[in-house]
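Asks: Residue numbers (our numbering), protein chains in the order written: chain A, 9 to 494; chain B, 12 to 297.
What the hints contain is simulated information worked out from the structure, not anything from laboratory work.
Backbone N, C-alpha and C define an ideal beta-carbon position, used for all residues, glycine too.
Among the hints, erroneous ones may be present.
Said to hold, decoys possible - Anything over 10 angstroms on all C-beta distances counts as not near chain B; from chain A, calculated:
1. R87
2. N115
3. A341
4. I345
5. L357
6. S427
Said to hold, decoys possible - Here are the simulated distance ranges between beta carbons:
7. B:F54 - A:S427: 48 to 54 angstroms
8. B:A23 - A:E386: 31 to 37 angstroms
9. A:V477 - B:H19: 55 to 61 angstroms
10. A:R299 - B:F54: 47 to 53 angstroms
11. B:F60 - A:Q481: 55 to 61 angstroms
12. B:F60 - A:Q479: 42 to 48 angstroms
13. A:S226 - B:A48: 43 to 49 angstroms
14. A:E102 - B:L144: 44 to 50 angstroms
15. A:K27 - B:A20: 42 to 48 angstroms
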Amino acid sequence: MLRGGGATVPPAGAGALRKARREQQLVSKRLLRDEALEEAEEGCVAMIFGEAEIQQFLRLAQRGTEEKEREGALVSLRRGLQRPETQQTFIRLEGSIRTLVGLLTSNQALLQLEAARCLHELSHSEQSAVVEACLPATSYLLTYLSGHSSDFIELCLYTLGNLIVESEAVRRQLLPQGIVPALAACIQSPHLTVLEALGYALSQLLQAKEAPEKIIPSASTDSSVLGSTLPQHMLQLLQPGPKLNLGVAVEFAWCLHYIICSQVNNALLITQGALSTLGLLLLDLAGAVQRTEDAGLELLACPVFRCLSNLLTEAAAEAVGGQLQLRDERVVAALFILLQFLLQKQPSLLPEGLWLLNNLTANSPSFCTSLLSLDLIEPLLHLLSVSNVVSVLVLTVLCNVAEKGPAYCQRLWPGPLLSSLLDTLAFSDTEVVGQSLELLQLLFLYQPGAAQAFLQQSGLQALQRHEEVAQLQDRVHALQQTALHG
Amino acid sequence: MQLPPALHARLAGAPGSAEPLPVERDPAARTAPFRFAPRPVRFPREHDFFEEGDVQRHLYLQDVLTQVGGAPERPRVPEFTCQVAGCCQVFDALEDYEHHYHTLHRNVCSFCKRAFPSGHLLDTHILEWHDSLFQILAERQDMYQCLVEGCTEKFRTSRDRKEHLVMRHLYPVDFRFDKPRKSRGPVMPGAAEQVLAEAPGDDGVPSEVDAMEVCSEHVEPPPAPAGERRAYSHRVPHEDLKGPRREISTSNGGSSAALWRCCRAFPPRRRGPRTLARAALHVAGL
């Protein structure tokens, strides 16, 4: 039995990351390195180059007589730029970036590539000064997005993504330079590698803290994501089918999540079919989980849960008559298959899945009925031992079902529910106990015999230990009264 | 967590919703001290609830969550020469050739041999440099289109456009793909003058001005095919990339189709995303 939702990352590292996230300091960058090259260079530690050496490489690259020589010089420079010390020296050298940009825009294709790789290394730095030194290159990186060399475009996109996430100052340059229209044009590429890179870059842009005001809304001038064709293309790329690629889908699912949780214009996304696309995607995910071992499907499940859950809170998610647009009960089946998968693979993500279950069942008698008719109550109860957060969510979902009246409570009874509740009453967490009390009250109200059975199983003793707890005492007393006197 | 066996069948079954059981609420349910009311919950961007998932996402991006699977190899092929007439570049990897072709031969102006990074820039160049009708119209109306994708502004002169690019779009003053045509007035310092194509074979020092427009290896291209969409268009016709590749023959007799299949992106194969991409999702029977 797991407690506390164990992550698979070593505790020390994860703790630091969580802290960073809390402080909104989580900066994630992607680095492309050629594994084949790395293997070949194994054992050769990248050197730290000084000014003189860097100057020599640049001179050779720019003016060497033989192409192989020029290329070789840039390769050496690129390797050196893997070291932060070399990066620092490089950016401080007068004219170095200018020369690099000149090589980036030269007519020698292989020099272009190597120059782009150099820039990429710089973009990945943790030092702001190094990253911001790349700014003179951005107009060219954007221009190249409408080119045709897919590998080069991929590299430019990852570099741009790294630059984007670095600072608002960088984005203040990229936005007027037209990054959003450039991405919107590039998303029509048929190359999966380009699409994945684009998704990454776009997700960084959408994650920016000024995104809800300056990047997402359609009222913004040239930099509006919702005003572009990007959302439609994103949804297309998330549609299940033989063309769905996991790496690409992960990126765009995260993009969609950042848009949706910014709550700018979710109604627009719903009219573009976001709910049905994501619902079908959820079904597809559950199917995939049954077929393959792992392959990182939880990386897609997480943003899909988030998107669906948040969209379901929108008024636009309801069709005429107050029913949810998303009604297919296979969604519930899929969700449980995914919950089971998460329990084994990544229990720390269970709350996100249960959040979705709450939003599906809260105002939907149909989905509550599905939970009962598909026999999902017992599996749900099984999750009660995972963690406090999970337990509260499970109990909330059960309350969603029970509060709909006697017809529902009847189907919750008898069965393991009572003994599970007696277990949760033994928790020390106030929220867990509080939610248990709410559920008990509903059962006492709607299910004849429930109070009696509760008494017989030493329920009163279970209640007693919480008699003095401030947030719980009123409810404890009320239940004691009901149990004893009906 | 045991799931009922019928659940998997339900997933694979037909869409449909359950006929809801009758809802019948007692007002006593929500009276104090009890307060439960079902409600969908919404979490905004920075909510702590997202902490765990965000950390997972971060680890994924940083490639800490690596998956098992070797990187696809970058095949070396016997040396071959670029097929474009007059170009004598030699390659031993298809990825390098792909980039070379796109950089130098794909968007080339047949008048002046300049190569451009995109069709859009090439079209603009042809219009502004080689279209006499454009020059006539430009005397009377704003014809110089902003180069930034999505911006519909037009300007009277290329100088006005440059100013717009710099002020509005924060472009560099010496942006390589915005060279004014033969300047009629005094040459401005720093601005590029018209640069003639260097003689073929002259691989001299590329000054910062030369940049992309000069294609020193390029020689007279074949004539434009019929059916170009503009009468004045003189784009060098390019084949889809698949074209040149199919013509590649290898000295060991290996089929080019096989080479095409195993060709993968150049730079860096990285772990994580690439190998994840192999677990393609399929909807079973949906």
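Asks: The structure should be examined with respect to each hint, and the outcome stated for every one.
Replies: Verification of the supplied hints:
1. R87: Non-interface label stands for R87 of chain A: nearest chain B Cβ at 13 angstroms, farther than 10 angstroms.
2. N115: violated, 6 angstroms
3. A341: A341 of chain A not clear of chain B: closest Cβ-Cβ about 5 angstroms, inside 10 angstroms.
4. I345: Incorrect as stated: the minimum Cβ-Cβ distance to chain B is 7 angstroms, not above 10 angstroms.
5. L357: violated, 6 angstroms
6. S427: Since the minimum Cβ distance to chain B is about 17 angstroms, S427 of chain A lies beyond 10 angstroms and the statement holds.
7. B:F54 - A:S427: 48 to 54 angstroms: Once the Cβ atoms are compared, 32 angstroms apart, the range 48 to 54 angstroms for S427 of chain A and F54 of chain B is violated.
8. B:A23 - A:E386: 31 to 37 angstroms: For A23 of chain B and E386 of chain A the Cβ distance comes to about 22 angstroms; the hint is violated.
9. A:V477 - B:H19: 55 to 61 angstroms: The hint (55 to 61 angstroms, Cβ to Cβ) is violated, given that V477 of chain A and H19 of chain B are roughly 43 angstroms apart.
10. A:R299 - B:F54: 47 to 53 angstroms: This hint is violated: roughly 31 angstroms between Cβ atoms.
11. B:F60 - A:Q481: 55 to 61 angstroms: Violated, since F60 of chain B and Q481 of chain A (Cβ atoms, about 28 angstroms apart) do not stay within the stated range.
12. B:F60 - A:Q479: 42 to 48 angstroms: violated, 21 angstroms
13. A:S226 - B:A48: 43 to 49 angstroms: The hint (43 to 49 angstroms, Cβ to Cβ) is violated, given that S226 of chain A and A48 of chain B are roughly 34 angstroms apart.
14. A:E102 - B:L144: 44 to 50 angstroms: holds, 46 angstroms
15. A:K27 - B:A20: 42 to 48 angstroms: holds, 45 angstroms
Hint compliance for this structure: hints 2, 3, 4, 5, 7, 8, 9, 10, 11, 12, 13 are not met, and every other hint is.
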